[in-house]
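The listed protein sequences correspond, in order, to chains A and B. For the first sequence, the numbering used here assigns the number 1 to the initial residue and increments by one for each residue that follows. For the second sequence, the numbering used here assigns the number 1 to the initial residue and increments by one for each residue that follows.
The set of hints was computed from the structure by calculation and includes no laboratory data. This one's a predicted model, so the numbers in the text were calculated from it and none came from an experiment. Where is the CB? At the ideal position from N, CA and C, for every residue including glycine. Hints are not guaranteed to be accurate.
[Said to hold, decoys possible] Calculated Cβ distances over 12 Å to all of chain A for the following chain B residues:
id, residue
1, K15
2, P52
3, V90
4, R106
5, R107
6, L125
7, R143
8, Q186
9, R223
10, E240
11, S244
12, D247
[Unchecked claim] Facing chain A, according to a computed beta carbon distance under 10 Å, are these residues of chain B, among others:
id, residue
13, A58
14, Q64
15, R69
16, L71
17, A73
18, N102
19, V104
20, E132
21, L178
22, T248
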Amino acid sequence: MSALIELEGAYEKVNKDPQFARDLTALQTEYAGRETPLTFCPNASRELGCKIYLKREDLVHGGSHKLNNTLGQALLAKQMGKKRLIAETGAGQHGVATAIVGAVLGMPVEVYMGEVDTRRQALNVFRMELMGAKVIPVKSGTRTLKDAINEALRDWVANVRDTYYLIGSVVGPHPYPLMVRDFQSVIGREAREQVMRKEGRLPDAVVACVGGGSNAIGIFHPFLADDVELIGVEAGGEGIETGKHSATLCAGDAGVLHGTLSYLLQDEYGQVLPTHSISAGLDYPGVGPEHAMLRDKHRVTYAAVNDPEVLDAFRFLSKTEGIIPALESAHAVAYVKQNADRFDKDDIVIINLSGRGDKDVAEVAAMKGGA
Amino acid sequence: MMGRIETAFAAAASKPAFIGFTVAGDPDTATCIRIARALIAGGTDILELGVPFSDPVADGPTIQKADERALAAGTTPDTVFEIAREIRKVSGVPIVFLTYYNIVYRRGIKRFYREAHDAGVDGILIADMPVEESEEVCAVAARCGIDPIFLITQTTTDDRIKKIAAKAHGYLYLVAVLGVTGVRDQVSEGAIDLLHRVRKHTKLPLALGFGISTPAHARTCARAGADGVIVGSAIVEIVERNLSDHDTMVLELQDYVQSMKRV
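Please put together the full structure from these sequences, using the hints given.
So this is what it looks like as structure tokens:
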């Protein structure tokens, strides 16, 4: 708790520091490659019968939106005088983004990753190690993302004086959900400006996948006050009725995990349930508390799509636009594809393409049916 | 009237009270009750029962595995209350639950505390509940006559120690290590410093836990003026080592507690 109070104070301080903002912007533009394009998709638009734009977070250095957050938090860690970064990772994208900032800012990095995920995402393990990070396979519990968070928390309490815990999503105790949202909101700020420039008006809908919910909150947040439909898409896995899914907002109840009151997939006694998704990055039984609030206020619509539709969308975007989406991001594409009849020809729909799919190609190829 | 916890510390007088922990339902309900009885027979002054949770972030691998064994055996809060009732039938030793917030929240705070009280439970520690979020729980605990017990760590500031001491009853659980539960080689200087620092702010009994496993550790704590020593992982390791022979398990447990009490 003392560590969180220290972190909250440090974050409030850098938030008011113009030099911190300048340093972060410089890294975002010169190193990470921001701003990312808002790409109009003529072929997908024709097929789906509405104007499809992709916010290209897949083009951020490292291959996903995760670097937006790790750059911000690592700069903060330096400011706080911390000597070592630890992180958890599911699909490996956040681990990779942490390894990147560790290398460029000169801080040692250790990444906790569920043993199951180290196998599913062997390529990302290799990338992290190439950049000098140590990957620690987590063998406790369900051996996936939530257990990696448990282990990272245990490491943090043991080494709190010199170690910074760099959480990768809008989950965990305050101030993490707030801080990660702030660092990811660059996605929505850019998208809002870009669509105004290109179309002269706001979009009709913004769609993003939701695991912990960082890319979604990042693109939603700057549109919250606007008359824009916001849709968060969760992992329906093998179907919500089968119990093998990660659709926390669609099928969970209020609960407390990792210091956050939010929706949670749990049994009647409050034990956290195992989750399933084709994409390791969405495989988390909780969800950011701000999403829980947005759901309860009916400001954001949350839906779920199942694994087969996700695979279908993965192939669809690859073939029609030459863009291979991460399986996580393919959930958002799948939702639009499934609900295309809801949109008119002139409707503008922005899909947050939170990551590129190279990391998933081997696993998809290994599945029955291949490409 | 003195509560059972207060009485236990008063009775231990010059020596630190021995507080023994085991996970409720590990490895199953019946064996757990035998384990608890062996701990009490060995001289345990206060019995701590862990209510198993799927994600015990404050615990090391030994206790997490015990939680997994208990959950695999089908342990629920109903089972845990049942275990407490069974122990209460044969012993007046104070019983303290250690749990995580979601277990209590899911059942309903009022219902959980009322049921705990009815089962003869004297205190409850919620490992992931900071004092800043404890108002509702403390109010319910007070109405049910259950002592709210809090953790204090080496990184807890004096300001927060004061806040915690103002809310806590029974005893304060001082975390002797930086980190999670599990057996360690020695009691750190940091733990002794913490004990002296907390003493300035409260008259509540102070018990040291996390990483304490040997009579030598207990002596160090006693010399430093601790009112209690808490042993968890070392007990759970004996359970784990003897899963195939419960008779040996309970004998070893009883001997172990006796050796810890002889300091």
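These are the hints, each one checked on the structure:
no.: 1; hint: K15; result: holds, 30 Å
no.: 2; hint: P52; result: violated, 8 Å
no.: 3; hint: V90; result: holds, 27 Å
no.: 4; hint: R106; result: violated, 3 Å
no.: 5; hint: R107; result: violated, 7 Å
no.: 6; hint: L125; result: holds, 15 Å
no.: 7; hint: R143; result: holds, 22 Å
no.: 8; hint: Q186; result: holds, 16 Å
no.: 9; hint: R223; result: holds, 26 Å
no.: 10; hint: E240; result: holds, 15 Å
no.: 11; hint: S244; result: holds, 23 Å
no.: 12; hint: D247; result: holds, 30 Å
no.: 13; hint: A58; result: holds, 8 Å
no.: 14; hint: Q64; result: holds, 6 Å
no.: 15; hint: R69; result: violated, 13 Å
no.: 16; hint: L71; result: holds, 7 Å
no.: 17; hint: A73; result: violated, 13 Å
no.: 18; hint: N102; result: holds, 4 Å
no.: 19; hint: V104; result: holds, 8 Å
no.: 20; hint: E132; result: holds, 8 Å
no.: 21; hint: L178; result: holds, 5 Å
no.: 22; hint: T248; result: violated, 27 Å
Against the hints set out earlier in the document, violations occur for numbers 2, 4, 5, 15, 17 and 22.
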